[in-house]
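Here the protein sequences line up with chains C and H, keeping their order. Going by my numbering, the first sequence opens with residue 1, and the numbers climb by one from there. Going by my numbering, the second sequence opens with residue 1, and the numbers climb by one from there.
Please note that a few of the clues may not be correct.
What the hints assert, rightly or not - Taking lysine to aspartate or glutamate pairs in the DMTMM-like style, the calculated list, with each CA pair at most 25 angstroms apart, reads:
1) K212(C) with D115(C)
2) K374(C) with D79(H)
3) K139(H) with D175(C)
4) K98(C) with E210(C)
5) K70(C) with D55(C)
6) K188(H) with D176(H)
7) K166(C) with D116(C)
8) K20(H) with E379(C)
9) K98(C) with D67(C)
10) K98(C) with D133(C)
11) K78(H) with D67(C)
12) K220(C) with D67(C)
13) K62(C) with D74(C)
14) K188(H) with D204(H)
15) K70(C) with D115(C)
16) K7(C) with D176(H)
17) K7(C) with E379(C)
18) K374(C) with D176(H)
19) K224(H) with E209(H)
20) K20(H) with D219(H)
21) K98(C) with E128(C)
22) K7(C) with E130(H)
23) K204(C) with E250(C)
24) K220(C) with E149(C)
25) K204(C) with E172(C)
26) K347(C) with D67(C)
27) K70(C) with D175(C)
28) K237(C) with E250(C)
29) K7(C) with E120(H)
30) K224(H) with D212(H)
31) K185(C) with E210(C)
32) K9(H) with D133(C)
33) K374(C) with D15(H)
34) K80(H) with E379(C)
35) K224(H) with E170(H)
36) K7(C) with D136(H)
Think of the hints as simulated: they come from the structure by calculation, not from any bench.
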Amino acid sequence: MNHIALKMLMGDTGKYVGIVMGLTFASLIMTQQPAIFLGIMARTYSFISDTGLPDIWVMDEKVQFIDDIKPLQDTELYRVRGISGVAWAMPMYKGLLKARLANGMFQTCNVVGLDDTTLIGGPPIMLEGKISDLRRSDSVIIDVDGAKEKLGKPALTPNSTPVPLKIGDSLELNDHRAIVVGIAKVTRTFQSQPVIYTTYSRAKSYAPRERKLLSFVLVKAAQGQNLNELTRRIREKTGLAAYTRNEFIELTYHYFMKNTGIPINFGMSVLLGFIVGAAIAGQTFYNFTLENIRQFGVLKAMGTSNWTLLRMILLQAVLVGSIGYGMGVGLTALFGYAMRHSILAFKFPWQLLLFSGVGVSLICMIAALISIIKVIRLEPAIVFKS
Amino acid sequence: MVAAVRCEKLVKIYDTGGQKVIALNGIDLSINLGELMMLVGPSGCGKTTLISVIAGILDQDSGVCELFGENVNAMRSKDKLQFRARHIGFVFQAFNLLPSLNAAENVSIPLLINGVKRAEAERLAIKVLEQVGLGDRWKSFPSQLSGGQQQRVAIARALVHSPRLIVCDEPTSALDHVSGHNVMTLLKEVALHQDRALVIVTHDARIFEFADRIAQMDDGHVVKVT
Numbered sequence: 001m002n003h004i005a006l007k008m009l010m011g012d013t014g015k016y017v018g019i020v021m022g023l024t025f026a027s028l029i030m031t032q033q034p035a036i037f038l039g040i041m042a043r044t045y046s047f048i049s050d051t052g053l054p055d056i057w058v059m060d061e062k063v064q065f066i067d068d069i070k071p072l073q074d075t076e077l078y079r080v081r082g083i084s085g086v087a088w089a090m091p092m093y094k095g096l097l098k099a100r101l102a103n104g105m106f107q108t109c110n111v112v113g114l115d116d117t118t119l120i121g122g123p124p125i126m127l128e129g130k131i132s133d134l135r136r137s138d139s140v141i142i143d144v145d146g147a148k149e150k151l152g153k154p155a156l157t158p159n160s161t162p163v164p165l166k167i168g169d170s171l172e173l174n175d176h177r178a179i180v181v182g183i184a185k186v187t188r189t190f191q192s193q194p195v196i197y198t199t200y201s202r203a204k205s206y207a208p209r210e211r212k213l214l215s216f217v218l219v220k221a222a223q224g225q226n227l228n229e230l231t232r233r234i235r236e237k238t239g240l241a242a243y244t245r246n247e248f249i250e251l252t253y254h255y256f257m258k259n260t261g262i263p264i265n266f267g268m269s270v271l272l273g274f275i276v277g278a279a280i281a282g283q284t285f286y287n288f289t290l291e292n293i294r295q296f297g298v299l300k301a302m303g304t305s306n307w308t309l310l311r312m313i314l315l316q317a318v319l320v321g322s323i324g325y326g327m328g329v330g331l332t333a334l335f336g337y338a339m340r341h342s343i344l345a346f347k348f349p350w351q352l353l354l355f356s357g358v359g360v361s362l363i364c365m366i367a368a369l370i371s372i373i374k375v376i377r378l379e380p381a382i383v384f385k386s
Numbered sequence: 001m002v003a004a005v006r007c008e009k010l011v012k013i014y015d016t017g018g019q020k021v022i023a024l025n026g027i028d029l030s031i032n033l034g035e036l037m038m039l040v041g042p043s044g045c046g047k048t049t050l051i052s053v054i055a056g057i058l059d060q061d062s063g064v065c066e067l068f069g070e071n072v073n074a075m076r077s078k079d080k081l082q083f084r085a086r087h088i089g090f091v092f093q094a095f096n097l098l099p100s101l102n103a104a105e106n107v108s109i110p111l112l113i114n115g116v117k118r119a120e121a122e123r124l125a126i127k128v129l130e131q132v133g134l135g136d137r138w139k140s141f142p143s144q145l146s147g148g149q150q151q152r153v154a155i156a157r158a159l160v161h162s163p164r165l166i167v168c169d170e171p172t173s174a175l176d177h178v179s180g181h182n183v184m185t186l187l188k189e190v191a192l193h194q195d196r197a198l199v200i201v202t203h204d205a206r207i208f209e210f211a212d213r214i215a216q217m218d219d220g221h222v223v224k225v226t
């Protein structure tokens with residue numbers, strides 16, 4: 001009877017496409033909005049995940065997230081270096097500074113100062129130039145998106161795009177000249193500001209005069225050292241906060257989850273998408289069963305068992321669910337792919353595939369269940385009514 | 001003659017929103033094997049309820065309805081379902097063919113319900129379609145067939161699993177005179193034989209001539225059998 005179920009489903013192309021489209025739409029909005037949400041949330045900690053080498057981040061104990069800088073005295077670096085189990089500890093400056101552009105406009109930039117000697121904490125991917133070029137005087141490395149967009153030189157003709165900054169170009173940071181020696185690829189940050197890498201000492205000269213300018217101490221644990229044990233020891237000995245990379249990511253992530261409207265806004269959007277998608281797909285599938293109720297009645301009158309009818313409806317639900325789900329996530333993936341070079345945040349992990357799969361299955365199961373109840377309760381004598 | 005159907009003091013009452021409607025009020029009727037019995041009477045007299053009970057798709061409230069000596073109402077629902085699938089064929093007023101299946105697939109449904117494999121079921125279905133004069137149209141979908149042809153497919157569907165009782169509900173009312181006459185000729189010639197009985201509910205006086213006996217119903221009673 002399975003082929004009859006499939007032919008009943010696909011016999012009316014319009015209705016069949018309607019159900020599949022409903023489920024595709026449900027699946028699309030169940031994955032697209034969360035993917036954007038996850039993309040935005042991933043940007044909140046992108047700087048931490050881009051900085052791959054250190055195991056532990058040390059900072060003021062009041063720091064709540066990556067951009068919440070509460071500077072330390074440079075002497076804290078030496079205190080951390082003196083703790084057993086620390087292979088190395090390097091300073092990092094991170095702050096927002098204004099860059100003066102060629103057209104006289106100002107642009108706030110995320111300036112990162114790396115240890116002058118080792119340049120640890122530098123950009124993950126160099127597109128042009130070398131990270132060691134930072135040792136040249138007044139040198140900076142800028143991220144490719146910043147170079148193309150916000151730090152770009154004025155367009156040559158009105159209404160055209162800015163001319164990207166390239167190696168050899170200069171800009172002004174807090175009245176200091178900075179020369180571009182490299183272009184790097186970094187993950188966009190939450191505020192999407194351009195990222196400028198330079199040395200720690202040069203970053204301090206760019207930054208406004210303050211007594212404390214050390215933002216973080218980046219720590220590599222000695223081989224075989226337990227990271228939790230080492231963070232506990234650093235906290236104990238220095239009174240500073242010390243987090244493993246994942247802990248710092250979590251701290252930042254939870255700060256944004258707790259203190260911004262992003263989760264509630266996206267949560268509502270995802271929930272609404274789920275409800276709308278479920279309503280459309282469920283209603284369409286239920287209508288399909290209702291429209292075929294006489295056919296089910298005929299089968300029932302001729303001796304088809306409820307169990308067989310249940311199997312037929314489940315098969316129909318599984319088929320349209322699978323196709324709709326596949327098309328929905330496919331469209332989401334295509335959307336993400338098409339937007340990969342844009343400013344749009346997008347992250348599509350396997351967990352999201354699972355989430356939307358469960359969502360679409362739930363919709364299909366509920367719709368099938370309601371339809372099945374209707375068919376089981378169906379009085380086969382309806383077939384004698386004209 | 002052996003009774004294919006034996007109804008004794010059959011009562012069926014519908015409860016429609018607190019109001020009781022007596023559809024069958026002590027029906028006594030028997031239909032013999034090899035007989036074509038027509039049930040006639042005005043609308044609402046209980047004809048459709050009676051064939052629904054006879055076909056085992058509606059339970060009576062009291063009385064006995066035996067099919068080939070078996071009390072279908074007393075069977076477990078699974079056995080009743082199997083009994084219906086095996087021994088009863090249906091022909092409906094509105095044909096009730098599945099629009100997305102071709103003629104052969106429609107005809108093969110009773111065989112599939114009875115567990116026959118798909119290929120074999122379709123082979124047998126085409127054979128029966130040949131008997132009803134539609135051997136060359138087995139690939140056609142219901143929408144590609146005329147009303148008379150659709151009813152012939154429905155008759156083939158009612159015959160394909162060799163049931164012992166065929167119940168027909170107004171088989172000619174959706175057809176013109178010629179088609180209706182052809183359908184009745186077909187039913188009489190192909191469907192009826194000594195091991196099978198036919199019960200036909202009808203308003204159509206033009207086909208009364210095909211009946212072996214006619215049971216006239218009124219107000220839930222069989223008032224006359226001629």
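* Asked: Given the proposed pairing of K98(C) with E210(C), does the C-alpha separation stay at or below 25 angstroms?
  -> holds, 16 angstroms
* To do: Verify the proposed pairing of K98(C) with E128(C), using a straight-line Cα cut of 25 angstroms.
  => holds, 24 angstroms
* Asked: Between K98(C) and D67(C), is the straight-line Cα distance small enough, at 25 angstroms or below?
  -> holds, 16 angstroms
* Between K7(C) and E120(H), is the straight-line Cα distance small enough, at 25 angstroms or below? -> holds, 19 angstroms
* Regarding the pair K20(H) and D219(H), is the alpha-carbon distance no greater than 25 angstroms? -> holds, 14 angstroms
* **Agreement of K139(H) and D175(C) with the hint, judged by alpha carbon distance not exceeding 25 angstroms** => Violated, because 85 angstroms separates the two Cα atoms, which is more than 25 angstroms.
* Asked: Holds or violated: K166(C) with D116(C), Cα cutoff 25 angstroms?
  -> With Cα atoms ~23 angstroms apart, K166(C) and D116(C) stay inside 25 angstroms; holds.
* To do: Assess, step by step, whether the Cα of K374(C) is no farther than 25 angstroms from the Cα of D15(H), and give holds or violated.
  => Holds, because 20 angstroms separates the two Cα atoms, which is no more than 25 angstroms.
* To do: Compare the distance between the alpha carbons of K374(C) and D176(H) with 25 angstroms, and conclude whether the hinted pair is satisfied.
  => This hinted pair is violated, its Cα atoms lying about 36 angstroms apart.
* Given pair status - D79(H), K374(C), alpha carbons within 25 angstroms -> holds, 22 angstroms
* Asked: Regarding the pair K7(C) and D136(H), is the alpha-carbon distance no greater than 25 angstroms?
  -> holds, 22 angstroms
* For the pair supplied as a hint, K188(H) and D204(H), is the alpha-carbon distance within the 25 angstroms limit? -> holds, 16 angstroms
When held up to the earlier numbered hints, the structure conflicts with 3, 11, 16, 18, 23, 24, 31, 32 and fits the remainder.
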